[in-house]
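Read top to bottom, the protein sequences are chains D and P.
Numbering-wise (our numbering), the first sequence opens with residue 1 and increments by one.
Numbering-wise (our numbering), the second sequence opens with residue 1001 and increments by one.
Derived from the structure by calculation, the hints contain no laboratory data.
Hints may contain errors.
Straight-line Cα separation of at most 30 Å, DSSO-like style, residue types lysine-lysine; simulated pairs [said to hold, decoys possible]:
hint, chain 1, residue 1, chain 2, residue 2
1, D, K303, D, K253
2, D, K97, D, K132
3, D, K630, P, K1137
4, D, K758, P, K1137
5, D, K97, D, K386
6, D, K504, P, K1137
7, D, K623, P, K1139
8, P, K1139, D, K436
9, D, K363, D, K185
10, D, K523, P, K1123
11, P, K1123, D, K630
12, D, K303, D, K419
13, P, K1137, D, K474
14, P, K1123, D, K623
15, D, K67, D, K93
16, D, K623, D, K97
Here the structure is a predicted model, which is why all the values come from computation and not from measurement.
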Amino acid sequence: MTSRQGKNKPETKRKAKSAKKGHKAGSKTRPAWLSWFWRLFFIGLVALSSWLVYLDAQLRSQFDGNKWALPAKVYARPLMLYPGLLITEQQLKAELKWNDYQAVSHVDSPGTFGRDGDDWIIYRRAFNFYDKAEPAVRIRLSFKYNRISELAVNGSSQPLARIEPQYIGGIFPAHHEDRDLIALKDVPPALVAALIAVEDRAFFEHYGVSLRGILRALKANIAAGRTVQGGSTLTQQLVKNFFLTNERSLQRKIREAFMALLLEFHYSKEEILEAYLNEVYVGQSGRRSIHGIALASRFYFAKNVEQLQLDEIALLVGMIKGPSYYNPFRNPERAKQRRNVVLNVMQQLNIISEAQRIRAQGKSLKVSASGRAGQREYPAFIQLVKKQLQQDYRLEDLQNEGLRIYTTLDPWLQHATEKSIQNHLANLERRYGYKKPVFESAAVVSSVDGAEIRALVGSRKVHFFGFNRALKAKRPIGSLAKPAVYLTALNSGRYDWASIIEDKKVRVAGQDGSLWQPLNYDKKDHGPVFMADALALSLNQATARLGMKVGLGQVARTFEKLGAGSVPPYPSILLGAVAMTPLQVCQMFQTYASGGFYMKPRAIQSVTTPDGQVLTSYALQTKQEFSPQKIENLRYGMQQVVVKGTARRLGNTFDTHGIAAKTGTSNDQRDAWFAGFDDRHLGVIWVGRDDNEATRLTGASGALPIWENIFQQVGVEPLSPLAELEWAWVNRNGQVVDEDCDAVRRLPFVPQRLQQQKISCEDSSQNQLSVDTERDFENSDKEDSGSSWLDWLF
Amino acid sequence: MVRLVILISLVLAGCSSRPLAPESSEYNQTQAESRAQSLQNVLASLSQGQHHPAVAQLFVLAEEQRQADNLNRAISYLDQARQIQPRNPQIFYRIAWVEYLRGDLNQADQFIRRAQVFMRGDKVLQQRLDYLSEQIKRKQGL
């Protein structure tokens, strides 16, 4: 009890004291609002801390590891140089210029070329080719008769050298950012110094935000009465570009400041500077935005950053303030003034001497002469590359992983194709009195033996990413179908070029009662003709008759073996009422051109990682579908198209015996086609209208001149024989006779068939009609008895 | 001692180069006969023989890759050689060989056919093509 009391006493005292204190505090205590203030302050502090933690996590997750989505870079084929190579000096010069090589009087740095007497000197840049990395080398070339006669690399004679492939485009993410990454150690110190001098002099002193900088900018802006200076540090600029948007709001600015502080807290100044140099936006090329000083250096000066001169460094740094405003291509004078301002600042800060400044300011503005590599892409070809790549790669990997895609494109052939199309369409429109462009065109050029796509044009507007007619425009191929009909006939073993075909009206009734009645282009009947002439003159009636006799199913099968896919066995396919894209036509003619070997057109050679590790090599795949002898025989017919048939106009330019080709014109002259090949290249050209109106053009007038012009520029190498054929004289009935027995024509034969055919002079004078022809009708009736097109009437 | 053994092993490994001829275990010939036939019918290396200088250099590079068992890259060099001389049957023969070594018998057979298109009376090459064709058929069980 005592103890309890004893315990109670002090409690009472304490209570009393407390009450007293409370009273005393009450008189001096903070008001209620203050108490709320503290509460809110602490809540705010917690919220701010949470937000900072969130910002920090966001910042670190994006800044660590791969910072940027790197688009796949697409390259043309490398230019292989070796003694004996047929290449004009004009082509060599053009390819070097498109590859951003600069013509100089003294060839002393990579990326330059010049002449030494008659010789060419090329300082080839170091490059990671898809098979191996090669250092920069000095190449000397001598020419004789448009061929390389001697080749030396770094002073010693060599059998082979390569010029690095031209950059031809990228596979970009949605924002179309493109950049080449560079390490800080590879950036010239003068560039870093200039950047810091112009953009953020206190960079190495502040912690991400510079109050002094803000005040200085404020003062300058008040004095000028407008915004003339920004107060953002390099770190803030990086934060804005890398993490944030261009939104002009206080909220964004606060966020930017905190993130800049956090960035400085976690990362070194060098890491921040390196990120800035890779992130910074420096220009635009169409849809492609140029980021980072490494790509900017290539884009504006066709040089690696390490090679930049002082005046170029100053221009590049100066442009960061306003890449569009100070664009040296569009506003050269303004860009020059800005460059000189930067040089002044550099001298003021003793980064350069006065002599250096004067020398640099005295230089004219030298930017790459609208360098094709930096300025232009090949959209139609890139679309094909992308399409073929997507069979093996995910689009997001192509857009993000910085892959290197080495393709088959030949820039010289591509250029020839583009120009030939543009010039010829303009000529046609002038000739027909059109006031504005009405014709469109597409073309594919491939190598005969490897099916590499060397050139591809999807529109006369070659720079635009629009509808790609080479890949997507399916149009009736007209008479381009005919070689398939004749190949089927030759393959049947019952026909040869001496076979007589009746060129007279033909009607074929379908099961639904419809009638197919094709006429010749000239609306005339030509009577009995040699099969060779029926193809050369592209006679519709004779071809329809021949096709019906050999069997529609057989012709459709030939189309399939040629790579044209499944074609329905309708009579109209014989004259090309089957729609194909120029690329599909190229595929079909590739099999003729390669001697009977089916090869899928290839646009890609190899895919590597950014550091050169090969991911995929696209080796040549081939499948023999026809014997070389059969194709050699067919080629004779296609050569006759050029020698005396619908493509004889080529005789004005080339030796016609060395070219095999076919013209094609669809119904109502809506589509004009030409497909032809020599020993090196196959070219397929389409000309028509997007609204599918009649063009008044034929294959010979609309498409052939484009082919002619392309091959004039790249040269024709005459076809070499694939197999031996035997030649014999025939009489007017197509029977093999001795030359002095009413012989009218000398034609090639497959040896086995020739032996069966020869007749005596007596028989030759007695026979008036080709018996074979009549017998063939019977055979074909039997063959086609199961066909859906049963009734074919004469 | 261990170091010495490793060193000798490395030297031996470095000296060896995988022959182009397929394993001879499938034949009932003596080893000597087999070697004699191999010498006659197959190449000792991809770089063997006289060729256009640029093609010869690419054959050397292809051979280096073959010895390193990097057959994809060997094909890549042979393909470059083909682009220089698209009608050279020696190149198609070599592509056929490497395809055979890669195990793509169908493509090996197709490249033999392509080589044959451009053959112009080269008896040694014809023998080699026939021999390779035979090997392919054996492997295919035909």
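Taking the numbered hints from earlier one at a time, note which ones the structure violates and give those numbers from smallest to largest.
1, 4, 6, 8, 10, 13, 15, 16
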